[in-house]
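Sequence order for the protein chains is A and B.
At position 55 of the first sequence (counting the first as 1) the number is 892 in my numbering, and the numbers step up by one without a gap.
At position 324 of the second sequence (counting the first as 1) the number is 325 in my numbering, and the numbers step up by one without a gap.
Hint data in this document are derived by calculation from the structure and do not stem from the laboratory.
Hints are supplied without guarantee of correctness; some may be wrong.
[Said to hold, decoys possible] Quick list of in silico lysine-lysine cross-link-like pairs, BS3-like style, CA-CA up to 30 Å:
{"hint": "1", "chain 1": "B", "residue 1": "K109", "chain 2": "A", "residue 2": "K1277"}
{"hint": "2", "chain 1": "A", "residue 1": "K1274", "chain 2": "B", "residue 2": "K109"}
{"hint": "3", "chain 1": "B", "residue 1": "K327", "chain 2": "B", "residue 2": "K196"}
{"hint": "4", "chain 1": "B", "residue 1": "K327", "chain 2": "B", "residue 2": "K39"}
{"hint": "5", "chain 1": "B", "residue 1": "K39", "chain 2": "B", "residue 2": "K196"}
{"hint": "6", "chain 1": "A", "residue 1": "K1195", "chain 2": "A", "residue 2": "K1157"}
This structure is a prediction, so every number in the text was calculated from the model and none was measured.
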Amino acid sequence: MDFGFSALDLARAQFAFTISAHIIFPAFSIGLASFLMVLNGLWLWRGDPVYLRLFNYWKTIFAVVFGMGVVSGIVMSYQFGTNWAVFSDKAGPVIGPLMGYEVLSAFFLEAGFLGIMLFGRERVGPRLHMAATTIVAAGTLFSAFWILSVNSWMQTPAGYAINEVGQFIPDDWLAIIFNPSFPYRLVHMVLAAYLTTAFVVGAVGAWHLMRSPESASARVMFSMAMWMALIVTPLQIVAGDAHGLNTLEHQPAKIAAMEGHFESYPEGRVPLILFGIPDDKNETVHYALEIPLLGSLILTHDLDTPMQGLDAFPPEDRPKSALIFWTFRIMVAAGFAMLGIGLWSAVARWKGRLYQAKWLHRAAFVMGPSGFLAVLCGWITTEVGRQPFTVYGLLRTADSASTLSAQSVGTSLVAFILVYFFVFGSGTFYVLRLMSKRPKDQISLEKIGPTRSAGITQLAGMPPKGDAK
Amino acid sequence: MIFDLASIWAALIAFAVLAYVCLDGFDLGIGILSPFLKDRGEKHLAMNTIAPVWDGNETWLVLGGGGLFAVFPLAYAIVMPALYPLIIVMLLGLIFRGVAFEFVHRTKRMQGFWEWGFALGSILAAIAQGLALGGLVQGITVQGRSFGGGTWDWLTPFSVLTAVALVAGYALLGATWLNMKTEGALQARAQAIAKPLALGFVALIGAVSLATVFVRPEYMARWFGYPTIVFSLTVPLLVLAVAWVLWRGLRDGHDGRPFVATLGLFALSYIGLGISFYPHIVPPSLTIAEAAAPESSLAFLLVGALVLIPMILAYTAYSYWVFRGKVRPEDGYH
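Could you put together the complete structure from these sequences and hints?
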């Protein structure tokens, strides 16, 4: 099965597909692990059973999502070798140890304490259980630290030398880890994970508020999520802007492609092409809707700084504009819609109508998947924008792949697509079904069989009652 | 020579792979055995015995693969394309196995489907690993700095034999684990399954060992040259001794001893493989030293490994201790 494509194109499609499917789970579980830590902390601190109920509710969802993240992540750790053997041989000495640190300091930590967090409250007591919950949350962040360092090094390589067989070899580990784009990418992605989770939690809270406005747990979920939307979205917009400036400094071709600037602006005064249809072949944007000067203000924060367009780069070094022009705009639009929800909720809260504002609930419900959309579009933008290189400016994608037959890569691609859609589709369905039940429904032991750890009721010192306040 | 960084790393990677084989071995073994358990209750109980630990066990596979990428990137870049179909099948099998732990409890209608997904995913992963082992032992064609052979090079009678042996070994690990972690009817069933598996596995170890020395002449020379001949004669004797402990343990109804003895069989077989391999990492042509990343890469990760691996072992042991003892149906980890 090669469908008339080259092995290289099929390998690229396979990587794009498997990493896109994978990133959805960590984007959610990074935020969810921290959310669970906060819920468990509030339960231990305040003793209000609504927090314990919410902890157990989201814990089940976390277990399903985390499991899917683990199995789709293992695929990634082998994919470098199977499809990108030349890249592995050449970049392995630099990025391999960083991924080794991810395994040693994050994966084992998460896996070692996940069992205690999910099933061990009764066995180890509340203190150690809280510690395990905190460690799992920390593990997800350590993981983000290392893998984003790896990705950032591929975008803005630093601290390396090249040996006689063409391998990148480490010269300065601190320069490698804290390469120029890493701090920006790390902050941007961790905030994105938190916002993704916040909008899922907000949508679930809104859904239950629409159906049972008095539900205490729905109110707590919705309120917490809306605080996150209000506080974190502006921070994310600032972080995204800083990340953009950093990209302009180190990968100007990517910015030019994102913005649809095929021609340079030596005098500055760059317009913002709000919408249009980029045409890479003819090096133009059709039906461009431009706002004068705004491009300069956004990208350089002044009017006169010269700006390179794609014409400043040799044709073989240019990323394509057609896709990332749009993915970038979708991400930004999602971000501003999130900001809108945050502000709207602040007004409703100020008026004392946060739990009665029907249209806010509807909007928050619709915005539930917005974080995933933004994360996917953001990653497509930065990864496609790195092309045609795997290690930016140094190693071409075309020179990175394994010498496999298109047949092999095509067949495995089809297998991944079938299995992923079926398995992760089912998992997503189960998660949505869990979310559609109110937290009180969750605890009724009879309904879902011999499940949910028995610790819930004993520690709470009360039988599972209704959800009413 | 023994204490250069590349050799230390070869030992650490070997340890990670052995840890994976032992730990995920009993998880996969339970998957392999699950079609032979009586009913849904037994299947779910068997899954519950590993629910809190399987994820940590599987992480050793990520360390094996990720570690290879980090410290022996050339070996990683040659082995993965050489075993391409096997790696893909293993990963897909592990997907079905891994999600099944949660999915079987999230649906009524599809419960049976995910139970089969757990079983077949485990079996596929085990077969793929066994074939991969055979494919590696019999040697991989290298051309320059990449794999130079064909897509199906790994498929030989020898690799089929190693796959059968590994599946049997995993099943035995699973059965002795269940014997240790359960009681009553399920424990009795596990014991009954373990006995023929024990005989079969020991016979298969012998068969694979014999086949190994014939599959490549170098192995014959290495095994029967001095001083390795000392090991070549000791290891089989130790295998027989441990097999005897295993058999006695099963016969006398010990809880833990058969499981530990099975781990011993795996460790001894692994030492035998090590004797065949050394000093190669990808037989017959790529040595540990040739495949190693530069010293600075090896040293940088070694610092972390020496601090973190003992901690990992400590908290993994703690996690096993928290969930120690027999697992009963009412414990319901799910």
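Hint check:
1. B/K109 to A/K1277: holds (20 Å)
2. A/K1274 to B/K109: With a Cα-Cα distance of about 16 Å, the restraint between A/K1274 and B/K109 holds, given a limit of 30 Å.
3. B/K327 to B/K196: holds (21 Å)
4. B/K327 to B/K39: holds (19 Å)
5. B/K39 to B/K196: holds (18 Å)
6. A/K1195 to A/K1157: The hint is violated at about 43 Å.
Hint check: a violation occurs at hint 6 only; the rest are consistent with the structure.
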